[in-house]
Amino acid sequence: MQSNLQPTEMPYSRAVHGLAVTLTLAVFPLIWVGGLVTTYDAGMAVPDWPNTYGYNMFAYPATTWLFGPFDLLVEHSHRLLGTVAGLLSIGLVAAAWFYDGRNWFKIWAMFVLMAVIAQGALGGFRVLLDQRSFAMIHGCTGPLFFAIATATAVMSSRWWLSRSAGQTQAQFTSRGATRLAAALLVASYCQLIVGAQLRHITAAVDHRVFMAFVHTHLTLAGLVVILAICTSAVTGLDRRTPARVRFPAILIALLVLVQISLGIATWIVNYSLPWQELSEWLAGYTISAKGYWESIIVTAHMATGSLIISLATVTALRAWRSRASVVAKEVNRKWKQQLA
Amino acid sequence: MLSDRMRSTTSPITRFSRLLLVAIAGCCAISGCDVPITSFQPNRIYVARMEKSQKADLQSALADTQAALEDLFGTPDEPLWPKFSENEADLANLVQLERLQQASGAVRSDEADRHFGLYREHCVQCHGISGDGLGPTSRFLNPYPRDFRLGKFKFKSTPIGQRPTRADLHRVLVDGLKGTSMPSFRLLKDEELEVLVDYVIFLSVRGQVERQMITDAALELDYEAGDRLYDRANRETNPELFKAQLDRVTKIAADAAKQWLKAQEAVTVVPEPPTDFPLYVDVQSLSAPDQEKLQASIARGRKLFQGPIANCASCHGATAMGDGQTNNYDAWTKDWTEGIDLLNKDDLRPFLKLGALKPRVILPRNLRTGVYRGGSEPHELYLRIVNGIDGSPMPATAMQPSNPQGLTESDVWDLVNFLLNLPNEAISKDASIAVAQRSDN
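So the sequence lines, in the order shown, correspond to chains A and B. Under the working numbering, the first residue of the first sequence is numbered 35, with each subsequent residue one higher. Under the working numbering, the first residue of the second sequence is numbered 274, with each subsequent residue one higher.
Be aware that a few hints might be false.
Distance windows between CB atoms, simulated [stated by the list, open to error]:
#, chain 1, residue 1, chain 2, residue 2, range
1, B, Leu627, A, Gly256, 29 to 39 Å
2, B, Asn366, A, Asp82, 29 to 39 Å
3, A, Leu121, B, Asp386, 28 to 38 Å
4, A, Val243, B, Ala506, 48 to 58 Å
5, B, Thr348, A, Val243, 38 to 48 Å
6, B, Leu370, A, Leu163, 21 to 31 Å
7, B, Leu615, A, Phe145, 56 to 66 Å
8, A, Gly256, B, Ala506, 51 to 61 Å
9, B, Asn617, A, Ala155, 54 to 64 Å
10, A, Asp82, B, Val554, 49 to 59 Å
11, A, Met144, B, Lys618, 56 to 66 Å
12, B, Ala362, A, Leu114, 26 to 36 Å
13, A, Phe101, B, Asn366, 32 to 42 Å
14, B, Leu627, A, Trp193, 54 to 64 Å
Chain B stretches covered by chain A per the calculated footprint, using a threshold of three residues with CB under 8 Å from any CB of chain A [as the list claims (entries may be wrong)]:
#, stretch
15, 376-387
16, 391-397
17, 403-412
18, 448-457
Source of the hints: derived by calculation from the structure; they are not laboratory data. Yeah, the Cβ is synthetic: ideal placement off N, Cα and C, and Gly gets one too.
Using the sequences and the hints, build the whole thing.
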């Protein structure tokens, strides 16, 4: 299938893409450690910010950081990892400025930097004001920044640039699949917001409100499962869909299954099941408050949620990109004509 | 084309961002995130129960009660311990104010790994800020979290009606309760556990004082005629009356605290098993004659289990699977449902609106799982049989010599052996014996 339009050349920059990918990879452990901060209630383990117990963050004695209280280790590590993300974002802006020809991408890179600064500031306000609501918002915007970093990596990739307007393409993503991927992204993010409510619940909350959040979380989990299965089925069964859309879509479906298991495990290690005597193991299980496995499971549930959002971002963006090309539209139109 | 594309992508992103901010703000508003916790929640359910039974308006009394409690016990951020008279030093030392302060307030820790706000860090989500067992998660838990305000605790070394000892509370914190939502806090430092024990006692005493004041207001005072439990304004206008009111409330607090002091004296001492009496512990290492004695003990225990004195089978079922009587409620539910038709939704609704948890029947333990929430050591089972389980329908067994028809200590050890052997034997054995006994009767 050939188009009459000539492809527009988009310069690919290894530096920009490399930094964007590194930023994305750096944010994931940052989210893990941030999750541990919540799991261990370590948000106020360091009472000042941006200093750490009066020290410049980078000059804080390593012995106390690494061999002192565990809460301090987690909180201070989270801050240091945050600065790594900040530095990578600065590098990204510089690289985009010098090596990326797209003006909008330069602005986007600035936006990424602003977002990481805002995220850090939110974390700082949480500490300075000792406000759990800031912790909750910080917990919601963390995965959002992960999605932004992922989007940056996708939009700076060679594949993205090669799908420039007018370039000949043999494969494309259907409108339905694109919409499904976008819906999956929105649903999984809403799910994360509700999950953050459950994680940061305070004593001021009535048990009826908590119940409403639990029911919403379960309903959204069902919706995410359906959307993940549909997206992977629609993209997987349609051979016209590029592999770069199909692969993350299928990966999401598998991750969602892992996430459901982690969700059930999270409930058990937090609250046990209301029907313990269904099994001998449950009847004899004693939850260990802040135990190793309990903490890992709960934090993994949160981190996997963020990973699903990141992958949904990849899928949605790639689907949109492979659908938006003029040629793809043309192919789609002709395909429909043939079917008719 | 590129700019067109940008326009078409920016717009949904902006819309999504706005939606997102609204969603997060909405969630914050609904969840009450960071609503300051300035006071303990009043026991409105008990007030409603007393208003219903006494046909009185106790809202003014409730306000007085809260004022008195705040003056005596402080707030969730700044707890106080009542100032008892000088000759009641033991009451003053029942809990340490420093520990209460460490348990209360917001969660934080310092460079020396000292944790503050321990109650909010570990307990509040289930037990609630005032220890009412109505924390945000309570609705989903089975059994419901303990309401400390009645002063009843299930697994302890003291008889029904007595408070637990500090060691009892400490043990529950360290071991947790198997198969329930009560975790083990064995990873906490010992001094942190002591802080939590102090705070639980504090909440329990505070809750008992609150209940007693509401009871007094309902039964002894006439608010319509101008009686007052406690009036802060009197501090300036009528100091003598204020002192009398304060003394009255302090006496109620002293009475509640004394019950905790008595706990140590009320501990049931578990006797050693008779000499030559093998216990069901490390069975494989027992000699052949001891094995025979153990089997004989188990057989006697089975008979007692099914028999009329211990009468365990009536609730736990003939097969000990917890399928006997299954329509009873625990004391915390009965506390507010007394006189209410539990099948009548109109009767229940006002209490549920106040936050009461839907009544749920308490099921007898399935003894065949070998899982006992109060511990499965022989001496712990002995205590459960002799003392019963406070707040649950599990009664204390009648014992000799106070009751000539009751069990002997040796009988109790036989029951313990029978219980410990239960997970290892076939159900049909018990069923056939139960059928045989019924036909004998």
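Run the structure past the numbered hints and jot down the numbers of the failing ones, going up.
Hints 4, 5 and 12 not satisfied by this model.
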